Amino acid sequence: MKYFSAGHGACPGCGLPIAVKNVLQVLDGKCFVVNSTGCLEIISSQYGKSAWGVPYIHSLFENAAPVAAGIEAALKALGRKDEGHVVVFAGDGATADIGFGCLSGVMDRNHDIIYICLDNEAYQNTGHQQSGLTPLGEATTTTPVGKMMPGKLKNKKDMVSIAVAHGIPYVATSSSGFPADIRRKVKRALEFEGTKYIQIHSPCVTGWGVDGKGGVIAAKLAVETGLYPLVEFEYGKLTRVRKIKDRKPVEEYLKMQRRFRHLFKHPMGKQIIEELQRIADENTRRYGLDVKRK
Amino acid sequence: MIEITIGAISKPMEAKKIKTGDWGTEYPVVDIEKCSGCKSCEMFCPDLCVEVVKENRKKYAVFNYDYCKGCGVCAFVCPEDAIKMEMKEIYKLEVE
Ligand SMILES: Cc1ncc(C[n+]2csc(CCOP(=O)(O)OP(=O)(O)O)c2C)c(N)n1
Ligand code: SF4
Ligand code: SF4
Ligand code: SF4
Ligand SMILES: [Mg+2]
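Each protein sequence line maps, in turn, to chains D and C. Reminder that position 9 of the first sequence reads as 9 in my numbering, one-by-one numbering, no gaps. Reminder that position 24 of the second sequence reads as 24 in my numbering, one-by-one numbering, no gaps.
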């Protein structure tokens, strides 16, 4: 692959490069990448050790979306739009928290960019603090487990609905556990003019507490339990979902990761697990995920 | 005349200089007979070090051990169970 190189510094089994290389593959390198501060930036853009084979810029943690909007506006003004798509790669913290207002403005103005949120469900680059996309029950350094607390007390912010509510043409979720799904959705996104928001569940082996292959195993389970539904919206309308054949109980996903393991012995754990199962069931109902048996 | 040097702009693909192949304790070995050349491993490998090649009409996965971090993702996703993870010799300690 000519667009992203081996030798980058991600932990073995990290989901970020899986997502990135598959996105770049679909774009065939014809893109301008804007990256917010976070793990991807650190593992790929140290001076003299860049992994990027496409034009790349990192500015700040919070402003990737408007930097991309600026590039898009400039390409338009210069009549150079045909040179490539403007693509943002931003973490969940950058997207749902610190860059949230900036992103909202860009979606509101409907700049012609692809915004990829790499959702590893916490501020991983600074050592696993909770973000707006950290799920219920996860132990992070800012939602520690103790007598009082069973991990995070609130579930993930529904960024997908928030993006849809902006009236942008295309919103989708995908997963580093399903690279073919990533490729298909990026391809689809290219057919729309305006802001495209794709949120990719991306395992962090270090923060989630799994071994090298465990990240991909967890990412697959997140989808197979209904906790991370893979959905697509076009102009606000749900157009496609990835169906689940034999939906697995959430315990299967939770017990394999250190970030959730306390739930199996904490006095409030049972209640949290039940609530997570309820969330998976609700996702299944809302998006019609289960394959109906005849 | 003032000489203007370009600031913090990196050249492309310079990460190639960093050989991450010594990070892992294990490495993948493919059973060429079993491999169907489906490219699952290539699509997943986070370290971009698997390539499916074609030789005498047979397609199979080839690993670049200069960069492989031994995560085991390729072995997990292989639908033909064609990849085995082996322990590197230096980690096989003999305790007397
Ligand atoms: C304004 C600002 N605040 C805080 C930081 C410190 N910081 C750097 S990366 C990071 C976490 C990034 O989290 P996320 O966006 O989820 O990306 P990840 O590293 O998890 O992929 C933080 C808090 C910063 N660089 N800039
Ligand atoms: S800390 Fe997590 S997100 Fe960051 S490189 Fe390691 S596995 Fe990837
Ligand atoms: S073990 Fe990991 S890094 Fe090595 S080839 Fe397989 S997927 Fe790639
Ligand atoms: S995933 Fe398995 S069968 Fe497919 S190309 Fe790789 S080694 Fe061969
Ligand atoms: Mg994150």
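It is possible that part of the hints are untrue.
Straight-line alpha carbon distances no greater than 25 angstroms define the calculated BS3-like cross-link-like pairs of lysine-lysine that follow [unchecked claim]: (1) D/K49 x C/K17; (2) D/K2 x C/K34; (3) C/K39 x D/K243; (4) D/K81 x D/K154; (5) D/K30 x C/K34; (6) C/K19 x D/K49; (7) D/K2 x C/K11; (8) C/K54 x D/K2; (9) C/K19 x D/K187; (10) D/K49 x C/K16; (11) C/K54 x D/K81; (12) C/K58 x D/K30; (13) C/K39 x D/K245; (14) C/K88 x D/K2; (15) C/K19 x D/K2; (16) C/K11 x D/K49; (17) D/K30 x C/K59.
In case anyone wonders, no lab produced these hints; they're calculated from the structure. As the structure is a computational prediction, the values presented were derived from the model and not from experiment.
Results for each hint:
no.: 1; hint: D/K49 x C/K17; in the structure: 7 angstroms, holds
no.: 2; hint: D/K2 x C/K34; in the structure: 29 angstroms, violated
no.: 3; hint: C/K39 x D/K243; in the structure: 24 angstroms, holds
no.: 4; hint: D/K81 x D/K154; in the structure: 42 angstroms, violated
no.: 5; hint: D/K30 x C/K34; in the structure: 36 angstroms, violated
no.: 6; hint: C/K19 x D/K49; in the structure: 11 angstroms, holds
no.: 7; hint: D/K2 x C/K11; in the structure: 13 angstroms, holds
no.: 8; hint: C/K54 x D/K2; in the structure: 20 angstroms, holds
no.: 9; hint: C/K19 x D/K187; in the structure: 32 angstroms, violated
no.: 10; hint: D/K49 x C/K16; in the structure: 8 angstroms, holds
no.: 11; hint: C/K54 x D/K81; in the structure: 37 angstroms, violated
no.: 12; hint: C/K58 x D/K30; in the structure: 32 angstroms, violated
no.: 13; hint: C/K39 x D/K245; in the structure: 24 angstroms, holds
no.: 14; hint: C/K88 x D/K2; in the structure: 29 angstroms, violated
no.: 15; hint: C/K19 x D/K2; in the structure: 17 angstroms, holds
no.: 16; hint: C/K11 x D/K49; in the structure: 8 angstroms, holds
no.: 17; hint: D/K30 x C/K59; in the structure: 29 angstroms, violated
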